[in-house]
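Chemist: Listed here are the chains, written in short residue letters.
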Amino acid sequence: MGSELGSLVATLLEKEPWVGEITGLDIDPPRRRLRRATFHRVEPKDRRKMVSIVREFDPQVVVHMAVWEPDARAHPRDAALWTQAAAVAVLGAAAECPSLTHLTVRSGICVYGRRRGAATRPDESVTPDPTTPFGRSLLDVERIAGEAGAVAGVPVTAVRLAPVVGPHVPSPLGRLLRLPAVPVSLMADPAFSVIDDQDAATAIVAAASTHLDGPVNVISPGAVTATQAVRMGRRVAVPLIGPEWRLAGMVASAFGAPIPPHIQELLNRGRTADGSYAAQALGVEPRLSTREVIQALYEWATVIHLRPTEAAA
Amino acid sequence: MNVAAAVRRQVNGTNEVDAWGMDHDVAAVARSLAVLRWDITVGGDQHVPSDGPALLVANRRVLAGTPLLVAAAVGRATGRAVRFAGITDIAPIGPALRRVGGVIARPDEVAGLLRAGELPAVWCQPHIGFGHRVGPAPTPYLAAALDVRAPILPVAVIAPPLARRVRLEVGPAIAQPRRPGPWALAELADDVRAAIQRMVDEASPPSWLVPG
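If you read the sequences in order, they're chains A and B.
Residue numbers are given in the working numbering: position 10 of the first sequence equals residue 10, and the series is strictly consecutive.
Residue numbers are given in the working numbering: position 151 of the second sequence equals residue 151, and the series is strictly consecutive.
By construction, these hints were calculated from the structure, which means they are not laboratory data.
It is possible that part of the hints are untrue.
If you want the footprint, here are the derived chain B segments under chain A, 3+ residues with CB under 8 angstroms [said to hold, decoys possible]: (1) 93-106; (2) 165-177.
Pairwise CB distance ranges (calculated) [what the hints assert, rightly or not]: (3) V35/B / A254/A: 21 to 31 angstroms; (4) H24/B / S125/A: 22 to 32 angstroms; (5) E21/A / D51/B: 48 to 58 angstroms.
Please read these numbers as outputs of a predicted model, since none were measured by experiment.
Yeah, the Cβ is synthetic: ideal placement off N, Cα and C, and Gly gets one too.
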């Protein structure tokens, strides 16, 4: 609930007529005002507390979004540890809850990997073969959720999101693309797709309500290359061949935009997926294309100073 | 094609690149440049649907640059971008070929293209030796087309190695089996190969053996 996406999902769930009580846990407090949901601030490594909250609440539906993207809100080492610990605690406890009817977990298209010769635009039938730590972390969450679902005898939906990008979303890709000068691959400059945070949240809520069993890719239509994105944002593209990516990573990190392995892979090998099944299975389609999401990333809201309507007494 | 507009799109980043990496402007330029290399005649292009998915299955001639030739020829004749399968996935050659419509040779890749309403082209196994023998049709790709219910069009490439004058003949869609199964798929592959072989035999006068 403490991430931008988690807060958005909680807000949307509050508006759903089929949702009764809502409770959420996270290391950070919610980013939006929630009216019905209760929030528990828990350290991801505090398994005992997480388990007791989940057992006491006895949920019917669990929307598990405790996935920390490396260099988004956490250091890569912490991100992997927290993601694994939270999945074991929450999903393990949920599997023992008698009222449980469905599990929805947030995953990503990183799970397909971009090994040489891998499918460029995989659909859900392609066997995951992650090639980055974040991809492996996501696949591990899917595996734990699958085991929990099997124990509880309930369907599990793995919502495989494209990189979530938005003006207010803490994401390493968004930060990198907004640097004044952005490293791009001179040799490849492959296409990638993203998803807007609002569209991702809508899909997760739809997944929680449909009780779909299996994975579903959620991705904005279309694709862009890094060079195109940089030009759309009127930044300077710095073409790199290979070895200097390490140096570029250090420089970008110094400017507050580290390049974790899954983002470096995206820039060198591309990352898209076939999202056509989502419309059929979840009944929702992204509002924004990949190009529109990238454009929105570069558009900053103008600050408008409002005058008070009444003079202070 | 408006070259100035295409260049402007490349400069300001508004050029269209799809998920497989094809840049429509670059692909159009490549199709235009193909006439410098080949003098192409295309027959039967009316069999290619104006939109929607279809799988082109062509015979492959050694050293004839068949993938690029088919993509350029059918693309010019129909105005549709042909996605030729079989590129390498190593930079910079792979990404460069992706820009003009290349995709890697995987049945799930071709299935994805068909689901998206594209026009992928795949190849029979090349025949090494004398004569105009067409090799077996690639059954995994035919199965992908059957799954998507896309028409399968045989394409005969009549092009001696390194020749300038080449001819392509696109045949009508092959009748698809009513019942799925490995036997039906094998028969479909035989039908596709036979259709291509027939067109090659009909359109291969001895003069084609002489490089143009």
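Chemist: So which of those numbered hints doesn't the model satisfy?
Modeler: Violated: hints 2, 3.
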